[in-house]
Amino acid sequence: MSLKIQHIVPEIQAVFHGNSNLEIDTVSIDSRSLQNNSGTLFFALTGANNDAHHYIEDLISKGVQNFVVNYIPNNLEEKANFLVVENTLKALQDFASYYRKSFHFPIIGITGSNGKTIVKEWLNFLLSPDYNIIRSPKSYNSQVGVPLSVISINEKHNLGIFEAGISTKNEMEKLEKIIQPTIGILTNIGSAHDEGFLNLEEKVIEKLRLFENSEILIYQKNDLVDSIINKKTKTFTWSFSDEKANVLIAPKSIAGKTQLSIQYSAISFDAIIPFQDKASVENAINCLMTLLYLGYLPEVIKERMQLLYSVEMRLKVKNGINNTALIDDSYSSDYQSLKIALDFLEQQKQYKKKTIILSDIIQSGLPIDALYHKVSELITSNKIDRIIAIGEEISVYSGHFKNIITYKNKAEFLADFKNLIFENETILIKGARIFQFEEITTLLEEKTHETVLEINLNAISHNLNFFRSKLKPETKLMVMVKAFGYGSGGFEIAKLLEYHKVDYLGVAFADEGISLKSAGITLPIMVMNPENTSFSAIIEHQLEPEIYSIKGLRAFLKIAEQKNLEKYPVHIKLDTGMHRLGFQENDLEELISTLKNTPSIKVKSILSHMATSDDLEHHEFAKSQIALFEKLSSKIVSELSINPIRHILNTSGISNYPEAQYDMVRLGIGVYGVSNDASETKYLENVGTLKSIISQIRTIPAGESVGYGRRFMADSETKIATIPIGYADGIPRSWGNETGFVMIKNQKANIVGSVCMDMLMVNVTNIECLEGDSVIIFGENPSVSLIAEKLGTIPYEILTGISHRVKRVFYRE
5 MSLKIQHIVP EIQAVFHGNS NLEIDTVSID SRSLQNNSGT LFFALTGANN DAHHYIEDLI
65 SKGVQNFVVN YIPNNLEEKA NFLVVENTLK ALQDFASYYR KSFHFPIIGI TGSNGKTIVK
125 EWLNFLLSPD YNIIRSPKSY NSQVGVPLSV ISINEKHNLG IFEAGISTKN EMEKLEKIIQ
185 PTIGILTNIG SAHDEGFLNL EEKVIEKLRL FENSEILIYQ KNDLVDSIIN KKTKTFTWSF
245 SDEKANVLIA PKSIAGKTQL SIQYSAISFD AIIPFQDKAS VENAINCLMT LLYLGYLPEV
305 IKERMQLLYS VEMRLKVKNG INNTALIDDS YSSDYQSLKI ALDFLEQQKQ YKKKTIILSD
365 IIQSGLPIDA LYHKVSELIT SNKIDRIIAI GEEISVYSGH FKNIITYKNK AEFLADFKNL
425 IFENETILIK GARIFQFEEI TTLLEEKTHE TVLEINLNAI SHNLNFFRSK LKPETKLMVM
485 VKAFGYGSGG FEIAKLLEYH KVDYLGVAFA DEGISLKSAG ITLPIMVMNP ENTSFSAIIE
545 HQLEPEIYSI KGLRAFLKIA EQKNLEKYPV HIKLDTGMHR LGFQENDLEE LISTLKNTPS
605 IKVKSILSHM ATSDDLEHHE FAKSQIALFE KLSSKIVSEL SINPIRHILN TSGISNYPEA
665 QYDMVRLGIG VYGVSNDASE TKYLENVGTL KSIISQIRTI PAGESVGYGR RFMADSETKI
725 ATIPIGYADG IPRSWGNETG FVMIKNQKAN IVGSVCMDML MVNVTNIECL EGDSVIIFGE
785 NPSVSLIAEK LGTIPYEILT GISHRVKRVF YRE
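With the first letter of the sequence shown counted as 1, position 728 gets the number 732 in the numbering used here; the numbers rise by one all the way through.
If you are wondering where the hints come from, they were derived from the structure by calculation, not from laboratory data.
Incorrect hints may have been included.
Unchecked claim - Cross-link-like lysine-lysine pairs, in silico, BS3-like; alpha carbons within 30 Å at most:
hint	residue 1	residue 2
1	Lys567	Lys521
2	Lys353	Lys505
3	Lys635	Lys474
4	Lys635	Lys608
5	Lys256	Lys282
6	Lys105	Lys94
7	Lys105	Lys343
8	Lys505	Lys486
9	Lys639	Lys600
10	Lys256	Lys723
11	Lys723	Lys749
12	Lys387	Lys353
13	Lys686	Lys480
14	Lys343	Lys811
15	Lys320	Lys749
16	Lys686	Lys320
17	Lys639	Lys256
18	Lys248	Lys236
19	Lys353	Lys486
Everything numeric in this text was worked out from a predicted model, so none of it was measured.
Working from the sequences, and respecting the hints, build out all of it.
Here is the structure:
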């Protein structure tokens, strides 16, 4: 990219302040990941919870000179070049549309409810031997992601593959102007994002807008799309049964694979794909149709289709050997995805040392020397301590890098593995698919049993922003990470929350806070239930205790005075009706007197806890708690002449009593995707998925029993699968004996017999499954809320009950 600012100004309808002759070679929206600062055009995007204009002064100090803004921050007009627009997101989209018009090679645009990213990645794999491809990184298919993807095109590319995702009306028209696809693919149309549309027809109409100017549209023929599609649009359709389709396909399952019998005009051939599930078969057929349209011969199609692989669409954080954390991105290696992976690595602060294991970079579109110079700059800016490079190409250009060890291939690395030291560090494993870095991941991964709790960090971010949208702009936010993040894992979640600039973290006990501080968390942390014996450790690690009794106050003051502390922050808990912990009204006189007479501490906040914020039947009681909190906290504020943070609302209170937000709210289980309000739950995303595998499958005859106590008796021949998870892992015993179920191959499998300590058994008589197949214990279905409801308990108990022997795997989509 090389563009003069003077040419950009009219394209984004900007008013310009500065030197218009400067050239732009990079566009960015992320203040954390800038490399070539002087040639960067920074778009200061604004959102409900963030305003990038706040970072401009710091960026100027780092050498950034060019900004697209809604307004020029105070005292900065003479310090940089500013392109002032009404809406910076629209300006970014307009810029991408303008930039896209400079290129005239085929562009494949993909949309649909499901399968977009998989089809894109498979097409990249299938077509890469013949094209230099630019594609959307990861799932960059949004109003922001699409323009950033298109802006990455350069003159070396000769094919583009971009996906477009929408969640409501009037979004696709903007994306069409940016992508301008010549070839369109419509994948499966399902229920994803249904809430943004009146009905399925409206959603299809909106998605089809992406293809209004395309030369061809590929899709599975169906009556709804056929009735809506613009009659001027040329189509290339496929079907399992409709003879009006251009291509008829007959699938047949064969030993874990699927044979596709293709009938296209006068051409007939069979292709094998290594999948059997319906979604993968449909996605593979859309790819096959694209190859047919592009004129590939059946022999080439057959050869390449059988090599398709499962696409891992997310970055995973795993526990590694010798106190290491692994970021597993061992399935792609291009420049854009490397940037994303390094950004993710930067957010992981558990260990100071950072290592990257990196393969050759594939399909950058840049001259090789320039590519590795650029990669070197990127790695240097992310302060990587050690580079382990694997590949012929990167080895040749190793001179661009510092602290690099090179191996020409994976075999050389594996042979030398015993001589390398991996300990107390975070390791990013980043490799192109052909390098098969999975073997390296297996070597470095901490060995545990096959049961894992997967934590979706994107979902936590989504849920956090959902509740933030309910707050007044000035209301602060504390997020509870007690009980190790409701069973999800404390540090990783705390780090994500720190990245999202929440104001406080809350833990139950001092040791939880100490672990977070020791791992590098810098946010203030309130300890809600400190023991008197932990006060010295609390002070040592700069935690902030909740004080809820005169006895506790005196004990803390004694230690604070011994340490000659001044104005150490504490949080005063009031009992307004919960009757668990806190100062009552008759304690206030002594509390205020004590606080008046000490310089050792300061009241950072005053809080209380609502007993019935989730139950509107007790609305009057909740209101009385709020009223009493107002009365008691106001008395303390008045008597001490202080201005502390006040907070009483928890997750349910945020939704049900917005008038009582005060200065801060405490978000708990809501950030983990659980709400007591069904109408609210539909806007939240599932965070935790507990997975295991099938250890063994056996068939028992009628009359035989399963498990302890013979509590299940087979009334006919029954196929039983054993799953390596039990009550020692946190599965309630009451979930057994056909009360509960797991999901295998998207089908319910009832739990039969008693839940054992380390195992449970399920009925899979009517499910086609194999040993080693994945099992969902909870996630989308069954949800934690559903399990809790059936067992007469609360979701907190289910989540916090998951044992620490269950490995946590954190991932980002």
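So, going through the hints one by one against the coordinates:
1. Lys567 / Lys521: holds, 20 Å
2. Lys353 / Lys505: The given pair, whose Cα atoms are some 15 Å apart, holds under the 30 Å limit.
3. Lys635 / Lys474: holds, 25 Å
4. Lys635 / Lys608: The hint holds at about 18 Å.
5. Lys256 / Lys282: holds, 12 Å
6. Lys105 / Lys94: Answer holds: lysine 105 to lysine 94 is near 17 Å, not above 30 Å.
7. Lys105 / Lys343: holds, 25 Å
8. Lys505 / Lys486: holds, 18 Å
9. Lys639 / Lys600: holds, 13 Å
10. Lys256 / Lys723: holds, 24 Å
11. Lys723 / Lys749: Holds, at roughly 15 Å.
12. Lys387 / Lys353: holds, 13 Å
13. Lys686 / Lys480: Satisfied, since the Cα-Cα distance of roughly 25 Å is no more than 30 Å.
14. Lys343 / Lys811: holds, 27 Å
15. Lys320 / Lys749: Holds, at about 22 Å.
16. Lys686 / Lys320: OK: lysine 686 and lysine 320 at ~26 Å, within 30 Å.
17. Lys639 / Lys256: violated, 76 Å
18. Lys248 / Lys236: holds, 18 Å
19. Lys353 / Lys486: The given pair, whose Cα atoms are some 19 Å apart, holds under the 30 Å limit.
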